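Trainee: Here is what each chain is made of, one letter per residue.
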Amino acid sequence: MIPLLILTPAILLAAIGAAWKARPVHAALLLALCLSLVGCLYVAMGAHFIGLVQFSVYVGAVAILIVFSLLITRPSDDDEEKVRRMKTGMPALACSLPLLVMLGFTMFKQSALLEAPADEPAMSLKVLGEILFTDYAPAVLAMAVLLTAVMIGAALFAREPSKKPEPPSDS
Amino acid sequence: MKDAKHQEPAGKAGKWTIPGYGLLQGLFVSGRNMVESYYKKERCPVIQYPEEKADISPNFRNFPFLCYDGDRPETGLRCTACGICEKECPPQCIYIVMDRDENGKAKKRPKVFDIDISVCMNCGICAEVCPFDSIYMDGQYEMATDDRFEKLVLGLDRLAKSTDYHMQLRPKEATAVMEKRKAAEEKKKAAAAARAAKAKAAAEKKAKEAKEQAEKNADDAKGGTE
Amino acid sequence: MMLGNVEFEMAWLAPEQWPRLPQHLVEWLVALCGLPEWLVSIAGWFTSAGVVVGVFMGLFALLSLIERKTLARVQNRYGPNRAGWFGILQPVADGIKMLTKEDIVPAKADWLLHLLGPVLIVIPSILALGVIPYGQDWVPVPLELGLVFFFAVGAMTEIAVFVAGWASGSKFPMLGAMRAISQMVSYELPLIISALAVVMMSGTLSLPEIVESQGGYTLGFLPQWNLFTPWGLSAGVVFFIACIAEANRCPFDLPEGESEIVAGHMTEYSGFKYALFFIGEYLGLFAISALGITLFLGGWQSPLPIFDFLPSWLWFFAKLAVVIFIFLWIRATFPRVRIDQLMRFAWLCLIPIALLSLPTAAIWHYANKANNDIVAWIATMPLVLIPWVVLTVLFNRRLSPATTRTYHFAE
Numbered sequence: 000m001i002p003l004l005i006l007t008p009a010i011l012l013a014a015i016g017a018a019w020k021a022r023p024v025h026a027a028l029l030l031a032l033c034l035s036l037v038g039c040l041y042v043a044m045g046a047h048f049i050g051l052v053q054f055s056v057y058v059g060a061v062a063i064l065i066v067f068s069l070l071i072t073r074p075s076d077d078d079e080e081k082v083r084r085m086k087t088g089m090p091a092l093a094c095s096l097p098l099l100v101m102l103g104f105t106m107f108k109q110s111a112l113l114e115a116p117a118d119e120p121a122m123s124l125k126v127l128g129e130i131l132f133t134d135y136a137p138a139v140l141a142m143a144v145l146l147t148a149v150m151i152g153a154a155l156f157a158r159e160p161s162k163k164p165e166p167p168s169d170s
Numbered sequence: 000m001k002d003a004k005h006q007e008p009a010g011k012a013g014k015w016t017i018p019g020y021g022l023l024q025g026l027f028v029s030g031r032n033m034v035e036s037y038y039k040k041e042r043c044p045v046i047q048y049p050e051e052k053a054d055i056s057p058n059f060r061n062f063p064f065l066c067y068d069g070d071r072p073e074t075g076l077r078c079t080a081c082g083i084c085e086k087e088c089p090p091q092c093i094y095i096v097m098d099r100d101e102n103g104k105a106k107k108r109p110k111v112f113d114i115d116i117s118v119c120m121n122c123g124i125c126a127e128v129c130p131f132d133s134i135y136m137d138g139q140y141e142m143a144t145d146d147r148f149e150k151l152v153l154g155l156d157r158l159a160k161s162t163d164y165h166m167q168l169r170p171k172e173a174t175a176v177m178e179k180r181k182a183a184e185e186k187k188k189a190a191a192a193a194r195a196a197k198a199k200a201a202a203e204k205k206a207k208e209a210k211e212q213a214e215k216n217a218d219d220a221k222g223g224t225e
Numbered sequence: 000m001m002l003g004n005v006e007f008e009m010a011w012l013a014p015e016q017w018p019r020l021p022q023h024l025v026e027w028l029v030a031l032c033g034l035p036e037w038l039v040s041i042a043g044w045f046t047s048a049g050v051v052v053g054v055f056m057g058l059f060a061l062l063s064l065i066e067r068k069t070l071a072r073v074q075n076r077y078g079p080n081r082a083g084w085f086g087i088l089q090p091v092a093d094g095i096k097m098l099t100k101e102d103i104v105p106a107k108a109d110w111l112l113h114l115l116g117p118v119l120i121v122i123p124s125i126l127a128l129g130v131i132p133y134g135q136d137w138v139p140v141p142l143e144l145g146l147v148f149f150f151a152v153g154a155m156t157e158i159a160v161f162v163a164g165w166a167s168g169s170k171f172p173m174l175g176a177m178r179a180i181s182q183m184v185s186y187e188l189p190l191i192i193s194a195l196a197v198v199m200m201s202g203t204l205s206l207p208e209i210v211e212s213q214g215g216y217t218l219g220f221l222p223q224w225n226l227f228t229p230w231g232l233s234a235g236v237v238f239f240i241a242c243i244a245e246a247n248r249c250p251f252d253l254p255e256g257e258s259e260i261v262a263g264h265m266t267e268y269s270g271f272k273y274a275l276f277f278i279g280e281y282l283g284l285f286a287i288s289a290l291g292i293t294l295f296l297g298g299w300q301s302p303l304p305i306f307d308f309l310p311s312w313l314w315f316f317a318k319l320a321v322v323i324f325i326f327l328w329i330r331a332t333f334p335r336v337r338i339d340q341l342m343r344f345a346w347l348c349l350i351p352i353a354l355l356s357l358p359t360a361a362i363w364h365y366a367n368k369a370n371n372d373i374v375a376w377i378a379t380m381p382l383v384l385i386p387w388v389v390l391t392v393l394f395n396r397r398l399s400p401a402t403t404r405t406y407h408f409a410e
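Chains as they are written, first to last, in numbering that gives the first Met the number 0: chain B, 0 to 170; chain U, 0 to 225; chain E, 0 to 410.
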């Protein structure tokens with residue numbers, strides 16, 4: 000219970016910071032912090048595997064992707080950003096309000112969520128793996144095919160165009 | 000410009016290699032260098048400076064020094080304080096004062112001979128222009144001091160070095176200089192001897208003539224009296 | 000044996016148990032003082048972590064000297080030999096120099112992130128070192144998901160490099176960070192895929208169990224390490240090359256290519272923050288070498304049955320020394336590759352070979368199930384050799400320097 004009490008406010012603060020910060024890079028880093036704290040929360044609740052996957056996928060890949068795309072964009076002016084935030088803040092809040100309400104409703108409805116987590120994970124990794132590769136095998140296969148296709152596509156992109164350079168014209 | 004380099008190589012004509020073979024060759028070379036450096040001197044030719052020193056080449060030249068003959072710099076200094084080097088020195092780092100006796104007559108040796116090595120640029124023009132074989136470039140390179148001013152101005156006491164030192168530093172050049180000087184001295188001696196002989200002959204002739212004159216005079220006197 | 004009112008076991012003093020000795024001693028001392036049970040275990044954890052950090056910081060200091068000595072010998076020099084006997088105090092001198100240097104934060108830097116960068120670089124390396132099995136029964140943190148944990152904390156390094164590069168507020172760190180991240184992301188793929196082959200074969204993500212699965216000897220003297228199987232050979236070679244790139248070592252040390260981008264993401268750092276980057280880099284090197292040893296070189300298993308009497312951790316560190324020496328040797332030999340060559344090599348060469356090692360492992364698994372080693376070898380060797388044949392043909396037909404390099408202007 001103690002990690003939960005420490006981590007949840009930290010997660011919320013990081014999330015609010017990510018939404019509030021004017022500089023996109025700061026916001027992205029706070030988002031990464033938020034996601035890694037969620038990973039910590041999973042670990043604290045006994046779901047080690049999902050916690051570590053949260054780390055490697057969200058912090059290692061998604062956050063890096065966001066950060067990389069930020070680098071390619073033009074550095075924005077701070078004041079301009081503040082104006083834009085005032086303009087877009089209210090609609091964003093309005094959009095996320097139903098989600099918040101829904102989450103709160105589920106939490107109060109499902110009182111089991113508030114119970115203390117078990118020390119032992121409910122499902123061992125071996126069982127998880129077996130379920131993934133038997134019941135959910137088609138989904139896993141589809142994902143694997145998709146990812147392999149993406150990888151081959153990336154490799155094709157990485158390949159240089161095999162155009163031979165023109166020899167210099169004699170002058 | 001259409002030389003062989005720009006043409007497509009002949010495909011399979013070259014030798015086929017396995018990828019990575021060149022890398023292994025490189026690893027072999029560097030590994031051999033590493034292992035052999037522990038027991039082969041030519042694989043580790045580093046001279047560890049403060050303890051060991053490299054032999055300097057006779058062509059090495061650093062700040063100038065003054066050469067003297069014999070044992071004592073006070074008497075044997077070749078320098079005549081002519082001041083040619085002082086005038087020729089491009090950065091003007093040489094300062095010479097001629098030594099004079101109480102009558103103001105030049106003694107043909109320097110009273111003060113200073114070289115400011117913080118200004119000297121090691122060009123060696125002083126050594127080239129010196130007509131008295133006095134100034135040469137030195138092989139000394141440990142010149143560091145803790146004082147920028149006084150200790151970087153070399154006076155006669157630090158500049159004067161014996162011919163033996165010169166011989167040790169640059170044997171070929173020093174031998175040539177010694178032979179030249181010896182020849183010059185011998186020529187001078189011979190000239191002096193010739194001059195002396197000539198003078199002697201002249202004196203003798205004069206004496207003879209005088210004698211003859213005297214005899215003649217005597218004869219005349221005799222004749223006169225007769 | 001009872002000393003005071005707490006058991007002191009003489010078995011703790013056996014050479015096999017030496018890495019655990021500090022932990023046992025501290026736990027025993029704390030228990031002797033009559034402190035509660037939970038404090039005893041916390042003290043034990045801290046000692047265990049302290050041993051890992053202490054040993055690897057010591058090895059880092061030693062390696063910084065040995066690396067310079069080895070490079071010097073390859074270049075026909077003596078290397079540092081002034082500070083102490085054979086230069087043994089050189090790391091101390093370096094440490095004092097780093098600590099006493101001025102810490103400069105550029106005016107345009109984001110000071111908090113600028114400080115956070117080097118700290119975040121060191122943390123994942125130390126965390127990753129915690130899950131490695133160093134001896135038969137010494138794993139600082141015996142995690143069931145050791146391998147996943149290793150790669151999960153490794154992901155933090157990329158964020159740290161980005162933070163360091165961006166917070167410096169200048170262009171060279173930025174470019175260096177972009178290079179470093181793209182390199183790390185590209186090489187993480189072959190690294191993980193080749194590690195996946197090992198996971199497939201041993202059927203576990205726990206590092207101690209992976210080491211145990213490599214125990215035993217074929218014909219009584221050949222160790223059954225993963226490297227000595229067809230799939231392990233191809234995966235191991237890919238893993239080793241990807242390791243070099245992940246650890247930012249020569250010839251893949253592009254992020255700090257001083258001729259192009261000064262020192263990459265470390266350009267604006269000085270003093271101890273700069274030293275922290277080095278500590279992080281070397282601890283990362285130890286961590287990834289240790290992982291490679293665990294996955295492919297049999298961890299703490301001894302290479303020959305007659306050496307089984309030596310303590311297991313000794314074998315682990317002997318293998319670590321050999322692997323690190325190969326890293327040094329490679330650094331001393333090869334020039335740095337170009338950034339486009341680096342990426343092309345990862346995506347067109349390493350990833351296909353790593354992917355191919357997965358079916359190879361599967362075939363090996365089913366052939367071995369039928370208890371037929373010869374059939375397994377015959378069935379898998381073609382899959383291992385195919386990439387080499389293809390590479391040889393490509394190398395000689397298309398990629399060889401004679402055909403691709405045409406110098407039009409540099410005459």
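Treat each hint with caution, since some may be false.
[To be verified] Using 27 Å as the maximum straight-line C-alpha spacing, the simulated DSS-like pairs for lysine-lysine come out as follows: (1) U:K160 to U:K150; (2) E:K368 to B:K20; (3) U:K181 to U:K205; (4) U:K187 to U:K199; (5) U:K150 to U:K52; (6) U:K39 to E:K170; (7) U:K104 to U:K199; (8) B:K20 to E:K107; (9) U:K171 to U:K199; (10) U:K52 to U:K188; (11) U:K40 to E:K68; (12) U:K107 to U:K86; (13) U:K52 to E:K68; (14) U:K171 to U:K187; (15) E:K68 to E:K107; (16) U:K160 to U:K106; (17) E:K368 to B:K125; (18) U:K150 to U:K110.
[Stated by the list, open to error] Here are the simulated distance ranges between beta carbons: (19) E:V118 to B:W19: 17 to 27 Å; (20) U:Y38 to E:P14: 30 to 40 Å; (21) E:G94 to U:P49: 21 to 31 Å; (22) E:N75 to U:P49: 56 to 66 Å.
Since the hints were made in silico from the structure, they are not lab data. The structure presented is a predicted model; accordingly, all values stated were derived computationally and were not measured. We put the CB at the ideal spot given by N, CA and C, even for glycine.
Trainee: Any hints this thing doesn't respect? Which numbers, in order?
Mentor: Hints 2, 3, 6, 7, 9, 10, 15 and 22 are the ones this structure does not satisfy, whereas the remaining hints hold.
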